[in-house]
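Starting from the known structure of chain A, fit chain B onto it as the hints suggest.
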Amino acid sequence: QKEVEQDPGPLSVPEGAIVSLNCTYSNSAFQYFMWYRQYSRKGPELLMYTYSSGNKEDGRFTAQVDKSSKYISLFIRDSQPSDSATYLCAMSAYTGFQKLVFGTGTRLLVSP
Amino acid sequence: DAGVIQSPRHEVTEMGQEVTLRCKPISGHDYLFWYRQTMMRGLELLIYFNNNVPIDDSGMPEDRFSAKMPNASFSTLKIQPSEPRDSAVYFCASTSDRDATNEKLFFGSGTQLSVL
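Heads up: the protein sequence lines correspond to chains A and B, in order. Residues 1 to 112 (this note's numbering) make up the first sequence, in order. Residues 1 to 116 (this note's numbering) make up the second sequence, in order.
Only chain B is shown next, with the shape it has when bound in the complex:
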């Protein structure tokens, strides 16, 4: 199994531009999560999906952030327009019901976003 795959690994953009981050969860996992990691705030949950349906988006900071999961093998996190304070590492994670009982999340390697 290739694990959770995220792209791109690095994204550098200018303030005001649209940014799209992509995630392919582990096959067979029916939960998908988007997290943001910064030095000051650590890992913060932005949104999570169950069976492609958004369950909790209360962590999405602003309307500039949106996430979709059109099918079980693909999700996107979009920021439009981007701002310098959005600079962070964005992680996608997935899990199954079996692993969820042990709070086991499988993380991708993240996307390092820099907004200039």
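Only chain A is shown next, with the shape it has when bound in the complex:
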């Protein structure tokens, strides 16, 4: 079993829809959680960073962490065609990058 599980998709939604992207994990020591966005033929870019449980909002994006369920989510409101990309969750038990574990990514397609 992988430490971090993510549905590969693709997830297809119409423009304006609310999108929910999710990851589950098995390591209860994880306490730093990130979402990276990766456009086709580009490297990932950090979208959201949260520490421990709770919610964090940034514009149309909300990251949610439920440590009791070992489940994290990224919500995108009023989705746009420009949101079409692959979304990678990443997590770590420590600060620093050597123990950062990435999910395999969920591909999102937002149609106009």
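Because the hints were derived from the structure by calculation, they are not lab data. Accuracy of the hints is not assured; some may be wrong.
Distance ranges between label pairs, derived from CB positions [said to hold, decoys possible]:
#1 A:S20 <-> B:E18: 26 to 32 Å
#2 B:S58 <-> A:I18: 24 to 30 Å
#3 A:A29 <-> B:Q80: 24 to 30 Å
Listing some non-contacts, in silico: residues in chain B with all C-beta distances to chain A over 12 Å [claimed, not checked]:
#4 V12
#5 T13
#6 T20
#7 G28
#8 N52
#9 D63
#10 F74
#11 V89
Values in this document were obtained by computation on a predicted structure and should not be read as measured data. Cβ atoms here follow ideal geometry from the backbone N, Cα and C, with glycine treated the same way.
Relative to chain A, chain B alone:
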């Protein structure tokens, strides 16, 4: 700032050949990372450097892989000899101490490696 620059963008080679991937990190960044991305395994850290010194190479799959950082503005990842299972996208990333507190990595656009 031009961002992290990787070359070549695409590399097609035959099994047994030597492959060298190149990376120029963002100026002023003192951490450099090499990742490999595949559909099955996602992003995996191969090695990372701090101030040009290799800190953790435990992700390097085999002795066929080697990485160097001769100065703050250049790093290479070499595979010798290459094998078909090395086919993947290889990313270089860099960051600074300030961005590291938010786990913020700056990735290049990657090198798509195909070993036939």
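Hint numbers the structure violates, sorted upward?
-> 1, 2, 3 and 11
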